[in-house]
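**Q** Top to bottom, those sequences are chains Z and X.
Number 112 in our numbering belongs to position 90 of the first sequence; there are no gaps in the numbering.
Number 203 in our numbering belongs to position 36 of the second sequence; there are no gaps in the numbering.
Treat the hints with care, as some may be off.
As the list claims (entries may be wrong) - Here are the simulated lysine-lysine pairs, DSSO-like style, with alpha carbons at most 30 Å apart:
1. X:Lys224 / Z:Lys127
2. Z:Lys74 / Z:Lys90
3. Z:Lys99 / Z:Lys78
4. X:Lys176 / Z:Lys82
5. X:Lys181 / X:Lys224
6. X:Lys224 / X:Lys176
7. Z:Lys78 / Z:Lys127
8. Z:Lys127 / Z:Lys99
9. X:Lys238 / X:Lys224
10. Z:Lys127 / X:Lys176
11. X:Lys176 / X:Lys238
12. Z:Lys127 / Z:Lys90
13. X:Lys224 / Z:Lys74
14. Z:Lys74 / Z:Lys127
15. Z:Lys127 / X:Lys181
In short, the hints are calculated from the structure, not lab data.
The structure displayed is predicted, hence computed values, not measured ones.
Letter by letter, the chains look like this.
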Amino acid sequence: GNSVTQMEGPVTLSEEAFLTINCTYTATGYPSLFWYVQYPGEGLQLLLKATKADDKGSNKGFEATYRKETTSFHLEKGSVQVSDSAVYFCALSVNSGYSTLTFGKGTMLLVSP
Amino acid sequence: NAGVTQTPKFRVLKTGQSMTLLCAQDMNHEYMYWYRQDPGMGLRLIHYSVGEGTTAKGEVPDGYNVSRLKKQNFLLGLESAAPSQTSVYFCASSTPPSSYNEQFFGPGTRLTVL
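Isolated chain Z, as found in the complex (with noise of 0.2 Å):
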């Protein structure tokens, strides 16, 4: 079946430093990978994807990169925000018919100032 694997939290750093939130799956099929993020009190919203092997997605200074040689798709950030501090998910969907997303459990992300 399909799964998908991320670091455990809380990962805390402090404002400005680098961020590395591994995510790694197994999938039936040729999946689509995605990074959906949950602010405090809210429901998930997409904070980027990649369709193809070698693709990186990116959005608001988050990148992650398709590797299917590693079957991995690590979310990355130069320089991370306060406001950056929310709940990462990684997901992935295999093309079967109906497009439903399994989701990783989740990495808690705290920025300090």
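Dock chain X against the given chain Z, drawing on the hints supplied.
**A** Chain X alone, transformed into the frame defined by chain Z:
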């Protein structure tokens, strides 16, 4: 354009009571989903719908029923609530059929079953 809305935002039930959670979207999306979010578990799919009048089981469907009588609404029912159903419930919607289409999420319903 409100996107995806959920009613109610909070609810406390006693074991054995029933309730219905309402999800509404104004984006004319064909697909709708119900997830539950539990600490350390991520989001797990309960049921989904690929169009008006259709429903299908997700990963954790037991104890829940759903209906999609109108394209814009997706209802999640708990016939006899149990403490194990204490969770935060999220509804989402998307366009078909591609696997790389974004899902849009509502703000969530926090349900406590005593």
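**Q** Output the indices of the hints that this structure fails to meet, ascending.
**A** none
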